[in-house]
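Participant: Going left to right, the sequence shown walks through residues -7 to 117 as my numbering numbers them.
Think of the hints as simulated: they come from the structure by calculation, not from any bench.
Heads up, a few of these hints could be off.
Pairwise CB distance ranges (calculated) [claimed, not checked]:
1) M105 - A1: 30 to 40 Å
2) V36 - G(-4): 15 to 25 Å
3) A1 - A24: 16 to 26 Å
4) L(-6) - A15: 37 to 47 Å
5) D62 - L104: 47 to 57 Å
6) M105 - E80: 32 to 42 Å
Glycine included, C-beta positions come from ideal geometry on N, C-alpha and C.
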Amino acid sequence: MLIGERAGATGTAARALRHYEQAGLITSQRAANGYRVYEARTTVRVRDIRHLVAAGLTLDDVRAFRSCLDGDVVATPPSAQGLRIARERLRVLEARIAAQTEARDRREAQGLMLLTTSAVAMMPS
-7 MLIGERAGAT
3 GTAARALRHY
13 EQAGLITSQR
23 AANGYRVYEA
33 RTTVRVRDIR
43 HLVAAGLTLD
53 DVRAFRSCLD
63 GDVVATPPSA
73 QGLRIARERL
83 RVLEARIAAQ
93 TEARDRREAQ
103 GLMLLTTSAV
113 AMMPS
C-alpha cells in the first residue's frame, strides 16, 4: 500500500508514518517512482505504536517494545527494559494526576472560603 492508503487504514496521517519510519519503528520499500510502499503488517505495527504513544510513551520508549509491535502489544510480554519504561511513565502520570488533584482541591477550598466569607458579610447584624 502507498503511504496515503496505509495512513487511512491506520487512522493516522502520512506525516506520522514518515515520522515513525524516520524513528526506525516501521519500514517501507520504494516503488520505481519513489513512492513509499508499506507491507500489510505495517497496519498492526502502526496501531500498536499509536496505542503505546496514547498511553504516554515517547517514540524512543516505543523502541523497547519492538518485539511485540507486530501482534497484540497488550497481550505480549514486554522486555525488562519495556517494563522499566512503562513503570517510569506510570510514575510520571501518577505524579501529574496528584498535582492536578491537589491544585483542583485547593481552588475548591478557596472558592468555598470566599463563598462563606461573602455569605457571612451579607448577614444582617
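Participant: It remains to establish, for every hint, whether it holds in the given structure.
Facilitator: A quick look at each hint next to the structure:
The supplied range of 30 to 40 Å is broken by M105 and A1, whose beta-carbon atoms lie about 55 Å from each other. The given range of 15 to 25 Å is respected by V36 and G(-4), whose C-beta atoms sit roughly 19 Å from each other. Checking the proposed 16 to 26 Å range against A1 and A24 shows it holds: the Cβ atoms sit about 23 Å from each other. At roughly 20 Å, the beta-carbon separation of L(-6) and A15 lies outside the given 37 to 47 Å, and the hint is violated.
D62 and L104 have their C-beta atoms about 53 Å apart, which keeps the hinted 47 to 57 Å range intact. Between M105 and E80, the C-beta spacing of about 38 Å keeps the proposed range 32 to 42 Å intact.
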